[in-house]
Every structure is written in structure tokens, then in C-alpha cells.
Amino acid sequence: MPDARDLARLPEPELELALREVGRALAWPVAATAASDDAAARARRRIVEAGIRPARRSWPAWPGRRPVGSSLGIAVAALLVIAAIAAAIGLGLPGIRITTTSSPIPTAAPSATPRIVVPGASATPSPTPGPLGWTLGLGDPFSVDLARKAVSFPVRLPPERYGAPASAWFLDGRVSFVWPSGDGLLPLEERDLGLVLTEMEGGLDEGYFDKVLGPGTTIETVRVDGTTGYWITGRPHELIYVDPHGEPVFDTRRVVGDTLIWARDGITYRLEVNLGREAAIELAGSLR
Amino acid sequence: MAYEELIRTYQDVALRTAAVFAPDGEADDAAQEAFVKAYRALGRFREDAPFRPWLLQIVANEARNRRRSAGRRAGLALRSAEDRRPGEAAPSPESAILADEQRAWLHQAVEALRPDDRDVIAARYFLELNEAETAALLGVPRGTAKSRLSRALGRLRATLADPPGGRLDA
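Respectively, the protein sequence lines represent chains A and C. Per our numbering, the very first residue in the first sequence carries number 326; after that it's consecutive. Per our numbering, the very first residue in the second sequence carries number 478; after that it's consecutive.
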């Protein structure tokens, strides 16, 4: 018979996982099914009816950021761009959509240059060096075993000849694994990295890609792992995931190399590797 | 209206945030009120900052204000097995690390903590926010959020080891 005292003795990572598990078992509220009656619509009606306008800087500034010539005009323009993206993906089919971006991909050292940022770019790298790949914003560092337990699907990894991942990461239901360069893995843009593999629940929305092909990025449909996938090369791109609850997750983490994306059995895989298209597809097909 | 589309993008996580901090039954109203307040405050949104934590901070403030004036604790119940949403399985046996009974104990122990401790644990683990978002939500520097979380986990362990009233009810 287990005892509450057993929980008190759980090692920290297991206790953290256990708390996440409690969170997932809570009776969370859900938005009204009819979009015309949800909190967003009701807020809009109140804003319109009361003629509410954004106030000019009457509240204290967002902490921890140096002012960068913010003006209401720029802020609203940024929001409109964000809203356009949000509207474009509003139907919320589970999956990944790709859009190109005019803004720099965030790096480990954020610049003070004004830019339009897509929301959700929340994975700020910690200031102290961490495990391999710590600058990529992949989430919290986990052991490989814990990362396997942290998701509700079976994780698949490359065959043994690539060795065990040097680090594992967890963020919002996504797990990522990072291998160093060497041992048949050519260096990625960050030269100490050889392979970055991310796995998450969700499918691919195949109808979307034609509409968002931007200059400088090539997206090619490929056959991979027994299914259809996409091979993306060229200019850094930005990914928008739609999680199983239909909520878009904007992933503006740094892209470090050519990317292969595919979905199998309800799991989406994203693999970054510098081996060329054919070898990447072969590696993808060998995940176990 | 673009703003409506924008906030609808974050509506689910905003509702969950409100539910963590608002008194029972007020999450939806708190979220709606926060959306209006956020619109009014758009002028202070920095275009170099991510939108989501900024919005969630406003939602959390609104919800906590309601909790304060209601003088009641907030807290979500655990779902019973029957009302899991379709397609949302219980954690599979290989990924679940808790028995149902342990899940109930752990939940109860978190809710028994004092509000500061309970809030930081709820933000980090129940809402599954990262460190930076947790700090933003609580309106404290990142280092403070980190040390507060570590102390809260310590007190959670103490509660589990020595539950108030001598026992936790499953």
C-alpha cells in the first residue's frame, strides 16, 4: 500500500513529473464552443460598445526590457501581423504549419534592435551554459529516461551507431534530443551540434505548405518513414505547431540546419541534420 | 477585429491560467475582463517581448484580485475518470508515475500550501509554464521565481511527509 510519505521522498525530477501529471488530470475549463460567445468575442463586444482605446503608456513598462523606441503605432502594427498569422492558422487542425518570417530568429544573445516578434517565443536560453544545445530554447533539460516518461507516446531514437543523445529536453509536451557532431554527423550551423531530433503529438496539415512558400526557403515534399514529409532548406524558417488541443504553439527557436519534418501515427518528428536529403531520409526511416 | 483573433489564439491557456488563480466559477469572467484590460494596456506591450506571458500576467493579476476580494481560495478539482475529454486518455501506464490515490494526495498537498507556494507550483507544473513565464506571471524576477519554487517544493515535501491533521485523504 503506497503512502503519501513515499511522495515526499521522490527525487526532484520525478516529483516535478508527478506534479505535471497532477496538472494534466485537473478539471480545466474549456472555452465556449461557439466562437461568437467565447471570452474573446465577449471582450471584443465590450471594447467596441464602450469605445475603449489603448491608453498611451499609462502602465509601468514590462519589466526587464530596455525601451527600444516603442511606440503605440509599432506595437499595434506588430499585433496586427501576429493576428494575421493567428487568423491564418485559426482552424486549429492538429499539425504543423510553416511560415517564413521577416524577423531575425532569436539567438542566445538577444539584440536590442526593434523587431516584430511572434508570441510564444518564450524559451529564453538561460544565461549560464547548460547541456549540449542549451542555446536552442528546446525547453528544460531532462535525462533521456525522464524525457521518455514525460510524453504520453513512445519515443523513437536513431539506431545505436549514433550513440546515446548528449542531452534531452522537454517543453510543452515536446521532447528533443541532441547529438554532438562527429561519428558520422557533420557539424550543423552551431558547430558542436550534429543532430537535433524533436518529437511531439500532432499531425501535419499537408494543404498548407503551398500558400506560405517564401523567397529563399525551399520546401520539398518527400517520402519518408513510410509517409509524406517535408524537406526544408535555405533561409531560416519558423514553425507553428498546433497542439492536440488546437492551440497554436509558435516556435521561434533557432534553426540550425536543414530540416526534415514528417508525421507518423499521430506523432510529428522534426530532424535537423547536415547530411543532405537522402541520408536524412534514411536516418528518419531508421528511428526505433 | 484582429485583436479578437489574437486573443482567441491564447484563450485556452488564458482560461486555464484564470482557473488556477480565480475563485471557483469565475475563470471565464476573469479571462474576459483581462482581455479588455490587455487591450487598454496595449500601449505598454513592447514589440520586442513575447505576447503570451504579457497577456497571461494580466489574466493572473485579474484572477488573483478576484480571489483576494472574494476571500476564498482558488483551486481546481481533479477530473474523475468519466469526464476525461474524448481522445484524452489517462496517462498511459508506462508514462504515468502516480497511482490515482497518490495523484489525489499530491494534489491535496499542493492545495494545502500557503498561497505563494501553491501559486508558483501551479504556474510551473499545472500550467506547465517555463521559468521565464512563471516569473512573468508572478510579477517577480526570474531568480526570485526560481528560489520561491525551490522553497515551495521543500514545503510540499514537508507537507507530504507530515500531512496537516495527520493524514491525506485519497
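The set of hints was computed from the structure by calculation and includes no laboratory data. Any given hint could turn out to be false.
[Stated by the list, open to error] Covered, in the sense of this in silico footprint (three residues per stretch, anywhere, with C-beta under 8 Å from a C-beta of chain A), are these stretches of chain C:
1) 539 to 548
2) 586 to 600
[Claimed, not checked] Examples of chain C residues lying across from chain A (beta carbon under 7 Å, computed):
3) ALA508
4) GLN509
5) PHE512
6) TYR516
7) ARG517
8) LEU555
9) ILE574
10) ARG580
11) LEU637
[Stated by the list, open to error] Pair by pair, the computed Cβ-Cβ distance ranges are:
12) GLU485(A) - ALA576(C): 31 to 39 Å
13) ARG486(A) - ARG549(C): 55 to 63 Å
14) SER546(C) - ARG516(A): 15 to 23 Å
Nothing here was measured: the structure is a model prediction, and the numbers come from that model. Heads up, the beta-carbon is just placed ideally off N, CA and C, and yes, glycines get one too.
Checked against the structure, which of the hints given earlier come out wrong? Going through the list in order, the structure violates hints 1, 14 and respects the others.
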